[in-house]
Amino acid sequence: MGDDTSAPRPALGPVAAVVVDTPLAHLDRVFEYAVPDELAADAVPGARVRVRFAGRDLEGFLVERRAEAEHEGRLTPLRKVVSAEPVLTPEVLTLCRAVADRYAGTLSDVLRLAVPRRHATAERNLPLLPPTPRSYAAEPAPDEPSSPVACGVDGGPWADYPAGRAWLRRVAAGEGPAAAWLALPTRDRDSDWPEALAVAVHAALTGGRGAVVVVPDHRDVDRVDAALVRRLGPGRHVRLTADQGPQARYTAWLKVLRGHVRVAIGTRAAAFAPVHDLGLVACWDDGDDLLSEPRAPYHHTGVVLSLRAEQAGAALLSGGFVRSLRLEAEVEAGQVVPVVADHDVVRGAAPQVVIAGEGLDQERDGPAARAHLPSRAWRVAKDALRDGPVLVQVPRRGYLPALSCGECRSPVRCPRCHGPMALGSAGSEPRCRWCSAGLGPSGFECRSCGSRRLRATVTGARRTAEEIGRSLPGHPVITSGSGEVHGSVGPEPAIVIATPGAEPVAEDGYAAVLLLDAWASLDLPVLDAPLESLRRWMAAAALVRPGRPVVLAGAPEGVTLPAVEALVRWDPGWLAGRELGERRELGLPPAVRMAQLRGSRAALEAALAQLRLPAEAQMLGPMPLGTWSHSGTGSGDGGSDDDPGSWHALVRAPLEVTAELTDALAALRALRSARKEGDVVTVRVDPVDGW
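Residue numbers are given in my numbering: position 436 of the sequence shown equals residue 436, and the series is strictly consecutive.
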């Protein structure tokens, strides 16, 4: 939208090209409609319209007004212009098309995620233009001089990163450098990662351009929101999250679209925010699975932001305490510049990591053993509670989420579906986490050794809270996890039990951090278990006060594990490089492009017969998914052949033929859609599970 509302609009053609909101893959193209005279003024490119399609009235987006139609027959007229607001900008349309092509999806699927549903009241109440136009490039942060150095472009948290300062200066100059940032642990509010992101945003505004910042969840949004208010002042940005409600979210989105603000922060969908003059896109914690879209086309937010930065010529910042393998591959390829602190600075900021074994002696360790803690971890927690709160990270929520044989430690499986057995509360009977079945009237008997004794494989957050509360009496116990997540805690002594990703931020930092059941994280049934374990541990360890202890409990004794070594050395880049090297040797992502096709056995075999892959691609399967699929579906024997989603096949191809691979997969989806195949076969490019 321009500032001069009196300027005449260019003449628009009588033909409307419309993207219709339909999930059918073979209809993933624009359709032409005639524009009636009474709708000509409102039918602008980017507007929402309603059209007659296949005997039904469907909504869509008008993407172009053409002088002449490509269709030779008579054109059906538009039924209605839902709103004259041009909500689909050319930049966002181009991005959505690129995302759909990259993930073998459809444009309508991406648009459904990129453009929020209309709220008429929000459109009416928000002024078309900002009340007082601002010059972002000239306006300094509150209580600061207006020079670029004083504005934080050459200082703040980025002073600890030699390459970071040069990167910031280029952002402020309007350039588009790409950076992979390994953040230092938190030392104080002014050096925290949200503050560093706020400085980067301020640098982009200093250069007269806008910014988009995407983080995994609403608690991260709260922290970045507070940092931006401190640095930029109120009203200079908007937040876009699912918990805002329809009107509040659409109002915030319209503020970006109409140019009221140039900065948007939020969760996944904020990556598509229609920021004007985009100069910076930033993403925090690229390895968090919350940044992977669970709906078609199953894209990753980090990839979306990379595509957007490339299209807009904007700077790219991907930060975290750990670097994902995707980012590590881009660093090694020279596509992004690593932004890391010098070794001496890292050692000075890193916490003191202590390794405690998993062996417990009931008589020797006393209350520590009863709390399922190694005695060393218990003593650290007891001493630290004199000075402030202690964070205890447990890998699972619930009470006893996994059980095993008390003698040979074989996992206890459900007699009906072979799923994992768990205890929901004290005194309850073991139940399957998949089908809720019990062990039956005869109870448990191990198939391997015949023992009838059960033990906890993993202790959940609620059981841990009970046990530690009894072993360290006199202190409040705060549980943060599924159902109730705390954003922050005070400086007073307290025991904070949290699952990974739900750790509250302590006001003055934690006096100590305990990382329990380390082997349970390392044994995750996923390909990137070592790097994911390190990501979880470092996210918690980074919240401790400088120089205070972090205890890793439950790591196998006498064995050198790369993830544990990386934590002790505080060297996540070394582990990422090591893991990527092994992936290259084995031909696994991200060294290759992988795609997963999933469905019933009959549907999958039919789809594979129809698929026309590039010559360089390799087919693996079809095969049953099996029990240990990361998504939790399937069963011990792979499920019935007729169960939807119970079988899958993998396609592996060199990165150089990514476009050919995704084109072939998109053509397969279109073919099956046109033939109205009844059995669904889902397609995922770069799946997070399944191999």
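It is possible that some hints are incorrect.
[Claimed, not checked] What follows is a set of in silico ranges between Cβ atoms, one per label pair, in the way DEER data are often shown:
(1) Leu586 x Leu24: 33 to 39 angstroms
(2) Glu616 x Glu582: 17 to 23 angstroms
(3) Ala120 x Ala67: 41 to 47 angstroms
If you are wondering where the hints come from, they were derived from the structure by calculation, not from laboratory data. Just so it is clear, CB atoms sit at the ideal spot from N, CA and C, and this is done for glycine as well.
Glu616 and Glu582, beta-carbon distance inside 17 to 23 angstroms? Holds - the Cβ-Cβ distance for Glu616 and Glu582, about 22 angstroms, lies within 17 to 23 angstroms.
Could you tell me whether the CB distance from Ala120 to Ala67 stays inside 41 to 47 angstroms? Given about 32 angstroms between the Cβ atoms, the range is violated.
Please test the hint of 33 to 39 angstroms on the beta carbon pair from Leu586 and Leu24. Given a distance of about 38 angstroms, which is inside 33 to 39 angstroms, the answer is holds.
Violated hint for the displayed structure: number 3, the only one.
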